[in-house]
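Produce the entire structure from the sequences given, and follow the hints as far as they go.
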Amino acid sequence: MTCALELKDLHKSFGKTEIIRGVNLAVQSGERIAIIGPNGAGKSTLFNLISGRFGPTSGDIVLNGQSIAHKKPYEINRMGLSRSFQITNIFPKLSVFENLRCAVLWSLGYKYTFLKFLSGLRDANDQAEKFLQMIKLDKKRDVVAMNLTYAEQRALEIGITIAGGSDVILLDEPTAGMSKSETSRFISLIKAVTEGKTLLTVEHDMGVVFGLADKIAVIVYGEVIAFDAPEAVRANPKVQEAYLGTSNADAPAGAH
Amino acid sequence: MEFFIISMLNGLSYGLLLFMLSSGLTLIFSMMGVLNFAHASFYMAGAYFGYTISKWVGFWPALFVAPVLVGACGAVFERMTLRKVHKFGHVPELLVTFGLSYIVLELVQLIWGRTAVEFPPPEVLRDSAFTLINHSVQGLSVVWGSAPADLCSNADASVRVVCSPFPATRGFMMLVALLMLMSLWLLLTRTRIGLVIQAALTHPEMAESLGHNVPRVFMLVFGAGTGLAGLAGVIGGSTFVTEPAMSATVGSVIFVVVVVGGMGSLSGAFLASILIGVIQTFAVAFDYSFITLCAQLGLSLSDAARENSFVKLTLSQVAPILPYLFLVLILIFRPKGLLGTREG
Amino acid sequence: MTYYKFKPYNVGRVVIWSLFAILLLVVPLVFTSQLSATMLAQMGIAIIACLSYNMLLGQGGMLSFGHAVYTGLGSYMAIHALNMVAAGNLHIPVSLVPLVGGLAGMGFAILLGYVTTRKSGTPFAMITMGIAELVFAMSLMFSEFFGGEAGVSGNRVAGDSFWGITYGPQIQIYYLISIYTFICVALMYAFTQTPLGRILNAVRDNPERVEFIGYNTQRVRYFSFIIAGFFAGIAGGLSALNFEIVTAEVVGAGRSGAYLLFTFLGGATFFFGPILGAILMVIAFVLLSEFTKAWLLYLGLLFLFMVMYAPGGFASLLMMNLRVAAFGKLRQIWVSYLGLIVTALVILMGAGAMIEMVYHLQLNDSLGDTLKFTGVTLDAKSIDSWVGSLLVMVTGLGLFEVMRRHYLHEWGEIQTGIENEIKRREAA
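Protein chains in written order, with our numbering: chain G, 34 to 289; chain B, 243 to 586; chain Y, 4 to 431.
Hints listed in this document are in silico derivations from the structure and should not be mistaken for laboratory results.
Since we're looking at a predicted model, the values are computed, not measured.
Some clues are possibly wrong.
Partial pick of chain B residues on the chain Y-facing surface, computed with a CB cut under 7 Å [said to hold, decoys possible]:
1) 277
2) 501
3) 557
4) 559
Where is the CB? At the ideal position from N, CA and C, for every residue including glycine.
Structure (structure tokens):
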């Protein structure tokens with residue numbers, strides 16, 4: 034098992050406030066990691082650092098053996114890492130199909146070409162169709178993205194993230210704002226579409242976490258206080274202390 | 243020497259005028275994210291309102307009434323039009339002010355005609371504030387007001403006397419600008435509404451969620467910003483010329499000032515205004531070109547090279563484009579502007 | 004506000020494009036006057052210019068205040084090339100001179116576009132404004148290239164004539180322009196169907212997200228800017244041939260503003276919107292300006308209302324109503340439209356009367372106090388005319404408001420009806 038993503042002594046400060054205070058994490062290829070922690074712990078900041086939205090103050094991030102610490106988001110994406118956003122970040126005026134097709138273009142090597150017609154790109158169209166089926170939005174193929182329901186937009190968000198074929202997927206609170214039934218359906222979707230990929234997901238819903246993750250990383254005040262299998266994390270006294278009072282701390286027993 | 247002092251003062255006064263305008267623009271931009279394309283139009287409106295009002299009741303009442311009138315127009319515009327397009331984003335807001343600039347220009351031409359109008363400064367400002375006399379024997383001296391003719395010439399041909407007057411209107415411009423600057427600073431730092439504005443300058447959503455009536459504050463700020471432009475208009479119009487083209491002349495320069503200074507930064511706007519004002523004023527006065535530079539350095543140029551229009555260009559001819567050159571250079575080397583904090 | 008994407012019936016692209024070609028060929032035979040010939044030629048040029056502008060605005064979300072720089076510099080290069088052809092220094096047919104303009108536009112876009120596209124949104128707009136002012140100010144400085152006050156003139160009857168075509172007569176230059184127009188419109192439409200074109204749309208919609216799917220947003224903008232510059236230059240080159248003179252105003256703020264105004268009025272959200280806008284632009288500049296001196300004022304007001312109430316321009320209004328018609332609901336609302344139009348005209352009467360009276364007072368003192376306005380004699384100095392006009396305008400405003408509310412009510416009902424119908428069809 035190779036190390037797909039490694040965070041080495043990562044620090045990030047905004048002005049005088051240090052948000053990430055020395056994070057060390059090694060994620061093996063194919064693992065599913067859930068990142069949990071109280072609000073303000075730095076989970077989204079961590080994702081932003083990994084995906085290149087901003088660079089770390091110190092420390093390194095290594096993707097498949099290469100350092101990506103201060104690279105631009107598109108460089109990191111081209112190296113095989115994709116992320117989704119907590120606040121839906123789709124292309125509102127394009128249709129669902131177009132959204133997905135845009136996401137596959139670079140990975141198929143089409144770059145900035147203006148000498149080929151989109152309708153003639155068999156592989157791009159096939160791949161977009163494939164992902165359209167996967168995220169179960171085939172009935173909404175030509176609907177303009179801003180007219181979708183919230184859950185459908187979240188599904189499209191995931192679709193855009195995975196369509197490029199990246200091996201390392203970061204999902205930032207994918208089920209945010211969803212009802213219980215929508216959430217469980219969404220989790221099966223995520224499991225299916227991230228088959229064989231390395232997955233990191235930030236989550237607050239413990240049911241989701243216990244149902245999805247191989248390992249859980251607990252982040253409190255910018256530091257990883259636990260990184261272990263779900264049961265071990267649940268039993269960890271430091272974690273219990275951090276989560277005292279959180280109603281979601283008890284996951285349904287049969288969720289694994 | 244006296245040339246340097248007078249030019250410096252002229253440059254400073256022009257820069258301060260630019261600041262009067264760009265401060266309003268910066269305030270509006272920082273608060274609302276709206277780049278008021280029509281800001282120079284409000285400047286022009288101030289000049290024309292000032293002109294008409296001063297014909298009825300004199301300059302001094304006009305100085306107070308015209309800016310208030312312009313500010314009221316600005317607030318009405320914000321309420322009726324700008325507010326409706328807030329929800330569409332920043333581009334439609336910019337477009338709305340763009341449309342307004344056309345409308346104001348046409349209305350002004352409709353009402354006051356297409357040629358310049360005579361908007362004279364008040365009696366007390368018509369003269370010079372002071373005159374610098376450079377006497378080749380007696381040295382530099384200052385005379386308040388205009389220097390009488392006999393002081394400016396000397397029968398003895400070997401003695402050179404140069405009289406450089408500094409217009410009172412320019413001095414008044416500087417005074418008003420500085421007063422305005424000070425009251426703005428006091429308002430922003432010492433009053434409650436000022437604190438709200440400061441907060442909204444950097445964190446508009448936060449200010450709103452704290453319960454302040456941000457739409458009303460927006461209207462106030464827009465009105466105040468345009469009112470400042472109107473004040474600048476009364477002064478600029480009476481000092482320089484009041485004509486329909488005045489909004490175009492000054493309009494693009496203040497956008498340059500705002501970008502060069504750093505979008506959203508009042509101190510940046512101040513710095514950029516002074517810089518551009520001084521440099522442009524000096525540049526206009528210099529007739530040096532590349533050729534003179536080469537002559538000074540002892541390099542000789544071929545005849546063909548001398549004829550080249552690029553080489554023949556004097557600094558004074560280049561002066562109009564200097565602000566835009568600044569703009570391009572700043573955008574290449576320091577995109578955030580001199581003192582900018584927000585990316586805009 | 005839901006965003007409508009109206010997919011035209013696939014009657015076949017071939018048919019639509021053929022109709023377009025036929026229209027271009029036939030229209031000068033229908034409108035045969037000299038005036039029409041010049042207007043049609045200008046329309047062809049304007050269509051290319053506005054479409055190239057919309058590549059930035061509507062497709063890329065880039066608001067440029069300086070597009071005239073690229074059309075204008077294209078014009079200048081083209082006219083210099085034309086003069087070189089006439090002097091025998093350059094051996095290309097006159098019909099290819101616009102391509103020189105295109106290459107010039109592209110070259111300047113490569114040069115200036117790098118700095119320009121580093122930013123987006125409002126800063127981008129300001130940069131384009133600054134560069135436009137820079138170029139315009141320079142045009143007064145470098146008289147060798149820009150020809151100073153008089154500009155640069157040329158003669159399009161130059162070089163060898165091709166099959167007897169000298170481009171002397173207006174009709175010949177019109178057909179040359181129409182060929183270029185057809186090809187450029189086709190190419191620009193094709194662009195919208197390419198990967199770069201689509202990613203440009205994505206950049207417009209969500210520039211940040213584009214970075215996370217592997218694209219360098221700035222590069223996308225830069226390349227599109229260059230392509231837009233190419234077509235802008237072609238429009239400029241055609242303009243140089245058409246007018247045979249290029250003066251500094253071709254790079255001026257007024258022209259850039261016109262591109263923005265009319266592209267927006269035509270509709271930036273549909274491909275054919277700028278075509279509408281271009282046609283309106285030529286009509287406004289050539290005809291409307293003869294009709295009334297206040298035309299820019301009316302235009303500004305129209306623009307303002309469009310931004311507030313119909314930001315998709317005339318094209319979107321057209322498409323929305325076509326959609327309503329497709330659902331068979333147009334007859335419900337056409338009475339409202341009639342009412343709106345009539346009351347708007349009443350307002351226009353009243354306001355127009357007052358505006359014309361003001362102009363009359365200002366300019367034509369020597370012609371006496373009275374003027375004729377749409378058949379009615381008005382006395383600019385009498386209070387009756389003023390009160391009358393004011394009353395007409397105010398009445399119009401009141402009635403318009405009434406009609407507007409009625410219209411909105413009807414429109415809302417229709418939209419709900421359409422939504423329900425769509426849902427019904429989906430479920431079936």
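Problem set entry | chain Y contact restraint on residue 557/B - CB to CB distance below 7 Å | violated (12 Å)
Problem set entry | Proposed interface contact between residue 277/B and chain Y, which counts if any beta carbon pair is under 7 Å | For residue 277/B, the interface hint holds, since the closest Cβ of chain Y sits about 5 Å away, which is under 7 Å.
For this session: May I ask you to test the interface hint for residue 501/B with respect to chain Y, counting a Cβ-Cβ separation under 7 Å as satisfied?
Result: holds (5 Å)
For this session: Would you settle whether the hint for residue 559/B is holds or violated, based on the nearest Cβ-Cβ distance to chain Y being less than 7 Å?
Result: holds (6 Å)
Of the numbered hints given earlier, the model fails hint 3 alone.
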